[in-house]
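Q: Spelled out from the first residue to the last, the chains are:
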Amino acid sequence: DVKVTQSSRYLVKRTGEKVFLECVQDMDHENMFWYRQDPGLGLRLIYFSYDVKMKEKGDIPEGYSVSREKKERFSLILESASTNQTSMYLCASRRLKGTGVPYEQYFGPGTRLTVT
Amino acid sequence: DQQVKQNSPSLSVQEGRISILNCDYTNSMFDYFLWYKKYPAEGPTFLISISSIKDKNEDGRFTVFLNKSAKHLSLHIVPSQPGDSAVYFCAADLTGANSKLTFGKGITLSVRP
Numbered sequence: 001d002v003k004v005t006q007s008s009r010y011l012v013k014r015t016g017e018k019v020f021l022e023c024v025q026d027m028d029h030e031n032m033f034w035y036r037q038d039p040g041l042g043l044r045l046i047y048f049s050y051d052v053k054m055k056e057k058g059d060i061p062e063g064y065s066v067s068r069e070k071k072e073r074f075s076l077i078l079e080s081a082s083t084n085q086t087s088m089y090l091c092a093s094r095r096l097k098g099t100g101v102p103y104e105q106y107f108g109p110g111t112r113l114t115v116t
Numbered sequence: 117d118q119q120v121k122q123n124s125p126s127l128s129v130q131e132g133r134i135s136i137l138n139c140d141y142t143n144s145m146f147d148y149f150l151w152y153k154k155y156p157a158e159g160p161t162f163l164i165s166i167s168s169i170k171d172k173n174e175d176g177r178f179t180v181f182l183n184k185s186a187k188h189l190s191l192h193i194v195p196s197q198p199g200d201s202a203v204y205f206c207a208a209d210l211t212g213a214n215s216k217l218t219f220g221k222g223i224t225l226s227v228r229p
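Chains as they are written, first to last, in this note's numbering: chain A, 1 to 116; chain B, 117 to 229.
Hints were generated in silico from the structure; no laboratory data involved.
Ideal Cβ placement from N, Cα and C applies to all residues, glycine included.
Keep in mind that the hints are not guaranteed to be accurate.
[To be verified] Once the Cα atoms are required to be at most 27 Å apart in a straight line, the calculated DSSO-like pairs of lysine-lysine come out as: (1) B:Lys172 x A:Lys97; (2) B:Lys170 x A:Lys57; (3) A:Lys53 x B:Lys170; (4) B:Lys216 x A:Lys70; (5) B:Lys184 x A:Lys97; (6) B:Lys216 x A:Lys71; (7) A:Lys53 x B:Lys216; (8) A:Lys97 x A:Lys3; (9) A:Lys97 x B:Lys221; (10) B:Lys184 x A:Lys18; (11) A:Lys57 x B:Lys172; (12) A:Lys13 x B:Lys121; (13) B:Lys153 x B:Lys170; (14) B:Lys184 x A:Lys3.
[Claimed, not checked] Distance windows between CB atoms, simulated: (15) B:Asn183 x A:Leu96: 27 to 35 Å; (16) A:Lys71 x B:Pro156: 29 to 37 Å; (17) A:Pro39 x B:Ile169: 34 to 42 Å; (18) A:Leu96 x B:Met145: 44 to 52 Å; (19) B:Pro156 x A:Phe20: 18 to 26 Å; (20) A:Asn84 x B:Asn143: 38 to 46 Å; (21) A:Ser7 x B:Pro156: 14 to 22 Å; (22) A:Gly40 x B:Lys172: 29 to 37 Å; (23) B:Ile134 x A:Pro61: 36 to 44 Å; (24) B:Val194 x A:Tyr103: 36 to 44 Å; (25) B:Lys172 x A:Phe20: 42 to 50 Å; (26) A:Lys3 x B:Ser124: 31 to 39 Å.
Produce the complete structure using the sequences and hints provided.
A: Okay, structure coming up:
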């Protein structure tokens with residue numbers, strides 16, 4: 001059973017703080033993703049990674065950075081948290097396409113981040 | 117430019133009836149489509165998928181239909197149950213080993229007892 005875990009379910013931070021969101025997957029998936037979900041805006045991709053030490057910008061990378069030092073771990077970093085980064089953050093992982101079934105993308109439980 | 121569109125933000129149906137959730141896409145290069153279900157304060161969970169070489173895929177109460185010429189897919193839930201009340205996201209995938217999913221904005225389904 002695929003498992004994607006996120007370090008916190010709920011987090012409250014102050015404006016200007018540096019925030020780390022951690023994500024770990026246990027299925028040896030090559031691809032990992034960070035999204036944020038906001039009402040009426042759906043799931044928006046922040047960053048993704050195809051392999052260790054590789055990263056690519058998604059649709060809304062501004063104000064965020066990522067780190068992938070190990071295959072199973074993908075971290076999202078808010079360099080200086082702002083109130084407009086209050087959101088639900090979702091991590092996901094997926095195997096490399098063409099390596100077999102299932103190919104679905106699996107999500108973690110999410111981190112509800114509030115920046116005050 | 118939104119490549120995956122779920123034009124109806126919400127849908128309400130009676131328990132036991134059919135729920136039909138629609139999704140349209142614009143990119144003809146999409147070759148794989150998925151539906152996810154999301155409860156509040158939880159991560160999305162995979163529901164069902166379909167390859168572009170098929171026009172129908174069924175799994176229990178859930179069936180997904182794909183009309184490539186119309187660039188349209190739909191998720192049918194029969195019979196609908198109160199536990200189906202959630203946000204449903206349609207997602208599309210491009211050809212390529214390291215592609216990323218493109219999601220619609222979601223539809224909130226409410227199943228009335």
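Q: It remains to establish, for every hint, whether it holds in the given structure.
A: Against the structure, the hints come out as follows:
1. For the hint linking Lys172 of chain B to Lys97 of chain A, the alpha-carbon distance of about 21 Å falls within 27 Å, and the restraint holds.
2. Annotation: proposed proximity of Lys170 of chain B to Lys57 of chain A is violated, straight-line Cα distance about 32 Å (limit 27 Å).
3. Distance restraint check for Lys53 of chain A and Lys170 of chain B: the Cα-Cα separation of roughly 37 Å exceeds the 27 Å cut-off, and the hinted pair is therefore not satisfied.
4. Annotation: proposed proximity of Lys216 of chain B to Lys70 of chain A holds, straight-line Cα distance about 20 Å (limit 27 Å).
5. Under the criterion of a C-alpha separation no larger than 27 Å, the hint pairing Lys184 of chain B with Lys97 of chain A is consistent with the structure, at around 21 Å.
6. At most 27 Å may separate the alpha-carbon atoms for a hinted pair to count; Lys216 of chain B and Lys71 of chain A meet this at roughly 18 Å.
7. For the hint linking Lys53 of chain A to Lys216 of chain B, the alpha-carbon distance of about 18 Å falls within 27 Å, and the restraint holds.
8. Among the hinted pairs, Lys97 of chain A with Lys3 of chain A is consistent with the structure: their alpha-carbon atoms are about 19 Å apart, no more than 27 Å.
9. Between Lys97 of chain A and Lys221 of chain B, the direct Cα distance comes to roughly 24 Å. Compliance with the 27 Å bound is thereby established for this hinted pair.
10. At roughly 46 Å between alpha-carbon atoms, Lys184 of chain B and Lys18 of chain A are farther apart than 27 Å, so this suggested pair is violated.
11. Distance restraint check for Lys57 of chain A and Lys172 of chain B: the Cα-Cα separation of roughly 34 Å exceeds the 27 Å cut-off, and the hinted pair is therefore not satisfied.
12. Of the supplied pair hints, the one linking Lys13 of chain A and Lys121 of chain B is violated, its CA atoms being roughly 34 Å apart against a limit of 27 Å.
13. The suggested pairing of Lys153 of chain B with Lys170 of chain B holds, with an alpha-carbon distance near 22 Å, which does not exceed 27 Å.
14. Pair hint Lys184 of chain B plus Lys3 of chain A does not hold up; C-alpha atoms about 33 Å apart against a cutoff of 27 Å.
15. In this structure the hint that Asn183 of chain B and Leu96 of chain A lie 27 to 35 Å apart at CB holds, the actual value being about 29 Å.
16. A C-beta distance of roughly 31 Å is found between Lys71 of chain A and Pro156 of chain B, which places it inside the suggested range of 29 to 37 Å.
17. Taking 34 to 42 Å as the suggested C-beta distance range, the pair Pro39 of chain A and Ile169 of chain B conforms, at roughly 36 Å.
18. About 19 Å separates the C-beta atoms of Leu96 of chain A and Met145 of chain B, a value inconsistent with the hinted range of 44 to 52 Å.
19. Between Pro156 of chain B and Phe20 of chain A the beta carbons are some 25 Å apart, a value that agrees with the proposed interval 18 to 26 Å.
20. A hinted range of 38 to 46 Å for the beta carbons of Asn84 of chain A and Asn143 of chain B is inconsistent with their spacing of about 29 Å.
21. Checked against the given bound of 14 to 22 Å, the beta carbons of Ser7 of chain A and Pro156 of chain B, roughly 20 Å apart, stay inside it.
22. About 31 Å separates the C-beta atoms of Gly40 of chain A and Lys172 of chain B, a value consistent with the hinted range of 29 to 37 Å.
23. Distance hint check: the CB atoms of Ile134 of chain B and Pro61 of chain A are about 40 Å apart, consistent with the given range 36 to 44 Å.
24. In this structure the hint that Val194 of chain B and Tyr103 of chain A lie 36 to 44 Å apart at CB is violated, the actual value being about 26 Å.
25. Our hint of 42 to 50 Å for Lys172 of chain B and Phe20 of chain A holds, since their Cβ atoms are close to 44 Å apart.
26. Checked against the given bound of 31 to 39 Å, the beta carbons of Lys3 of chain A and Ser124 of chain B, roughly 33 Å apart, stay inside it.
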